[in-house]
Amino acid sequence: MNASSRRFDALAGNYAVSEVHVSSPTRLRLHSLLPRVESVCDVACGAGHTGLGFAGIASRIVGVDPAPNMLVQFRQLAEERGVAIETVEAFAEAIPLPSASFDLVVCRFAAHHFSDLPQAMAEMTRLAKSGGYVAIIDMEGDENPALDALNHEIEVLHDPTHVRSYTAKYWRELFAANHLKVEACENRCREVPNGLTVKRWCELGGSGAEALQAIHERLAAVPPEWLADLEIARDADGRFRIPVRTLLILGRKLPESPI
Numbered sequence: 001m002n003a004s005s006r007r008f009d010a011l012a013g014n015y016a017v018s019e020v021h022v023s024s025p026t027r028l029r030l031h032s033l034l035p036r037v038e039s040v041c042d043v044a045c046g047a048g049h050t051g052l053g054f055a056g057i058a059s060r061i062v063g064v065d066p067a068p069n070m071l072v073q074f075r076q077l078a079e080e081r082g083v084a085i086e087t088v089e090a091f092a093e094a095i096p097l098p099s100a101s102f103d104l105v106v107c108r109f110a111a112h113h114f115s116d117l118p119q120a121m122a123e124m125t126r127l128a129k130s131g132g133y134v135a136i137i138d139m140e141g142d143e144n145p146a147l148d149a150l151n152h153e154i155e156v157l158h159d160p161t162h163v164r165s166y167t168a169k170y171w172r173e174l175f176a177a178n179h180l181k182v183e184a185c186e187n188r189c190r191e192v193p194n195g196l197t198v199k200r201w202c203e204l205g206g207s208g209a210e211a212l213q214a215i216h217e218r219l220a221a222v223p224p225e226w227l228a229d230l231e232i233a234r235d236a237d238g239r240f241r242i243p244v245r246t247l248l249i250l251g252r253k254l255p256e257s258p259i
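Sequential numbering of the sequence shown, starting at 1, is according to this note's numbering.
Worth flagging that the hints you see were computed from the coordinates, not collected in a lab. Errors might be hidden in some of the hints.
Claimed, not checked - Restricting the straight-line Cα-Cα distance to at most 20 Å, the calculated cross-link-like pairs of lysine to any residue (SDA-like) are:
no., residue 1, residue 2
1, Lys129, Leu33
2, Lys129, Val182
3, Lys199, Ala184
4, Lys181, Ala168
5, Lys169, Lys129
6, Lys129, Ser101
7, Lys199, Ala221
8, Lys169, Lys199
9, Lys169, His179
10, Lys169, Ala149
11, Lys169, His152
12, Lys181, Ser101
13, Lys129, Glu86
14, Lys129, Glu210
15, Lys181, Arg252
16, Lys199, Ala168
17, Lys129, Leu34
18, Lys181, Glu256
19, Lys181, Val37
20, Lys199, Arg239
21, Lys199, Val222
22, Lys169, Arg252
23, Lys181, Glu86
24, Lys169, Asp237
25, Lys181, Ala100
26, Lys199, Glu210
27, Lys129, Ala176
To be verified - Pair by pair, the computed Cβ-Cβ distance ranges are:
no., residue 1, residue 2, range
28, Glu153, Ser59, 17 to 27 Å
29, Glu153, Asp116, 15 to 25 Å
30, Glu173, Glu256, 25 to 35 Å
31, Pro98, Lys199, 36 to 46 Å
The structure displayed is predicted, hence computed values, not measured ones. Every residue gets a Cβ at the ideal spot worked out from N, C-alpha and C, and that includes glycine.
Please put together the full structure from these sequences, using the hints given.
And the structure:
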């Protein structure tokens, strides 16, 4: 395991019950955009909430994750719900599954941790059938360089293994490079419509008291218009609330794709 997978292996129990991961407007939106799919691969699946969302729809659900304890959580949740699943311990950059195996390959809340995102995208595209779909839901970067730098600073304070939140422009380019026709690209999505307190965000991420204080101090020093642009609010008790802003992009694998 690398530093990121070790970190999340230790936090697996948090992610099994995390309100950000258990339910999500973007997950529901993804379902509304898709035709019926029979086979789903949930890449960097964590506790498996995204894959399990296809229970009763897909006849085959496979979860891939490099953290063994995350896969334990996935199997436990699936057993509790009476859902048959398969799990594979692997990194997104090297998935030991046959090519063209799935109607949908989906990755939610993980791409910002990948050490080699282009390679991971190539792997996810490889796993999709011709005419199948690849979907990403992930933290969104900002096209404004100053706001993007601030967002990145806060993300790294929250999670030192955070690599990068990518912009819609970058995702479109990456999908095109993998011969994926973009069917939908929706940004500025809010995973927590009413906002998640920074304290709760840090609890879920195991960030620690020092990180929590540093994030509060940094946000307190930011111009109000910057906070508004990032949709970070301050409630009546002085607590900062973040929307967990994400992007959803869905692409269809073209028949002529060489991958």
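Outcome of the hint check:
| no. | hint | verdict |
| --- | --- | --- |
| 1 | Lys129 / Leu33 | holds (18 Å) |
| 2 | Lys129 / Val182 | holds (16 Å) |
| 3 | Lys199 / Ala184 | violated (33 Å) |
| 4 | Lys181 / Ala168 | holds (14 Å) |
| 5 | Lys169 / Lys129 | violated (25 Å) |
| 6 | Lys129 / Ser101 | holds (6 Å) |
| 7 | Lys199 / Ala221 | holds (18 Å) |
| 8 | Lys169 / Lys199 | violated (31 Å) |
| 9 | Lys169 / His179 | holds (16 Å) |
| 10 | Lys169 / Ala149 | holds (17 Å) |
| 11 | Lys169 / His152 | holds (17 Å) |
| 12 | Lys181 / Ser101 | holds (19 Å) |
| 13 | Lys129 / Glu86 | holds (18 Å) |
| 14 | Lys129 / Glu210 | violated (46 Å) |
| 15 | Lys181 / Arg252 | holds (5 Å) |
| 16 | Lys199 / Ala168 | violated (28 Å) |
| 17 | Lys129 / Leu34 | holds (15 Å) |
| 18 | Lys181 / Glu256 | holds (11 Å) |
| 19 | Lys181 / Val37 | holds (18 Å) |
| 20 | Lys199 / Arg239 | holds (8 Å) |
| 21 | Lys199 / Val222 | holds (18 Å) |
| 22 | Lys169 / Arg252 | holds (17 Å) |
| 23 | Lys181 / Glu86 | violated (28 Å) |
| 24 | Lys169 / Asp237 | violated (37 Å) |
| 25 | Lys181 / Ala100 | holds (16 Å) |
| 26 | Lys199 / Glu210 | holds (11 Å) |
| 27 | Lys129 / Ala176 | holds (17 Å) |
| 28 | Glu153 / Ser59: 17 to 27 Å | violated (44 Å) |
| 29 | Glu153 / Asp116: 15 to 25 Å | holds (23 Å) |
| 30 | Glu173 / Glu256: 25 to 35 Å | violated (19 Å) |
| 31 | Pro98 / Lys199: 36 to 46 Å | holds (44 Å) |
Comparing the model with each numbered hint stated earlier shows that hints 3, 5, 8, 14, 16, 23, 24, 28 and 30 do not hold.
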